[in-house]
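**Student:** Spelled out, the chains give:
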Amino acid sequence: MATQTLSVTASGSFSLVDSEGVTVFSFSPSFTTAAEVTDSTHIHTGEILAGTSATTINTAHNNKDLIYTFVKNVDTDYVVTVQADGDDIADLAPGHCFFSPVHVDGAGDASNNLDLDAATAAQKCQYLICDGKDTGINTDD
Amino acid sequence: MAKNYTLNVALNMTATTATGYTQALGGSYAVNITGVDQVATGRIDCATGSDATIMAAPGYGKAIYVRNLDDANALEVYGGASSDNDLLGVLKAGEFMFTILRDTDTVTARGLGGTVTAEYFAVEIDANA
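Those protein sequences? They're chains A and B, same order as listed. If you number the first sequence the way the working numbering does, the last residue is 141 and the count never jumps. If you number the second sequence the way the working numbering does, the last residue is 270 and the count never jumps.
What the hints contain is simulated information worked out from the structure, not anything from laboratory work. For glycine and all other residues, C-beta sits at the position ideal for the given N, C-alpha and C. Please note: incorrect hints may appear among the correct ones.
What the hints assert, rightly or not - No farther apart than 20 Å at their CA atoms in a straight line, the calculated lysine to any residue pairs in the SDA-like style are these:
1) B:Lys233 with A:Thr32
2) A:Lys133 with B:Gly235
3) B:Lys144 with A:Val22
4) B:Lys233 with A:Asp134
5) B:Lys144 with A:Ser15
6) A:Lys124 with B:Ala165
7) B:Lys233 with A:Ala34
8) B:Lys233 with A:Pro29
9) B:Lys233 with B:Asp186
10) B:Lys233 with A:Ser28
11) B:Lys233 with A:Thr9
12) B:Lys144 with A:Val17
13) A:Lys133 with A:Asp39
14) B:Lys233 with B:Asn153
15) A:Lys124 with B:Ser169
16) A:Lys133 with A:His44
17) A:Lys133 with B:Ala213
18) A:Lys133 with A:Asn112
19) A:Lys124 with A:Asp77
20) A:Lys133 with B:Leu210
21) B:Lys144 with B:Thr182
22) B:Lys144 with B:Val180
As the list claims (entries may be wrong) - Non-contacting residues of chain A with respect to chain B, defined by C-beta distances greater than 10 Å in every case (computed):
23) Thr38
24) Thr56
25) Thr120
To be verified - Derived CB-CB ranges, DEER-like:
26) B:Gly190 with A:Thr52: 36 to 42 Å
27) A:Thr32 with B:Asn149: 22 to 28 Å
28) A:Ser19 with B:Ala213: 37 to 43 Å
29) B:Asp212 with A:Glu47: 33 to 39 Å
30) B:Gly190 with A:Ala34: 23 to 29 Å
31) A:Ile48 with B:Ala151: 19 to 25 Å
Excised from the complex, chain A in its bound form (with noise of 0.2 Å):
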């Protein structure tokens, strides 16, 4: 039987100055996921235009236990909003961009979406989502 094998690099660098040019604080943090098999099937990326309502960016095929997923507003004039299972998770200005390894379902797994909504206008944005191994929890998110 055939599988699937997948695996995440995510890094990011952070760093705070105030007004008078200290660094208050710095931060260079990065990890690799072990090579996971089970649970994993899909990596999808993409640019959408983001509607005024809900505009899904996984499938049915992606494991909605843990998405890790990377979204950036690559538009000029508003504010868009990343939300898991309807819930807000992100709220990205133009040229903003998040990451995090998201839980999507709802009490019950595979229920569902991981969905943008421009609330004021549609907006342009490109992600990648990548399937991660089951979290083993059964809450709503």
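Model the placement of chain B on the given structure of chain A, informed by the hints.
**Tutor:** Just chain B now, kept in the frame of chain A:
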């Protein structure tokens, strides 16, 4: 006294299959923050069965980074109390998340399967950020 800050952000994600198929996406930007007074950073132990507070309620919104420093157990990060069931991320050992939210919810975290030490920063943002 409230100060002005610049939060510099760079994020990258790469997804790879065993056959060599790879997709990557990244971005970098600066967030100019004016006149806010809540900046928190540090490490905190997040027990199972109770909420550890990463950030108290901000006036408008926040930028949040959380990293799971445990070598075995996962960490749940919530917008609001865990009873609100608004999961921002589920971080396995060594994983991190970063997000910006424009709401006044607190941010809390819980260990899964044992107490987890979380590394974090939480920065209040204003409406123009």
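**Student:** Tell me, in ascending order, the numbers of any earlier hints that this structure violates.
**Tutor:** Of the numbered hints, all hold.
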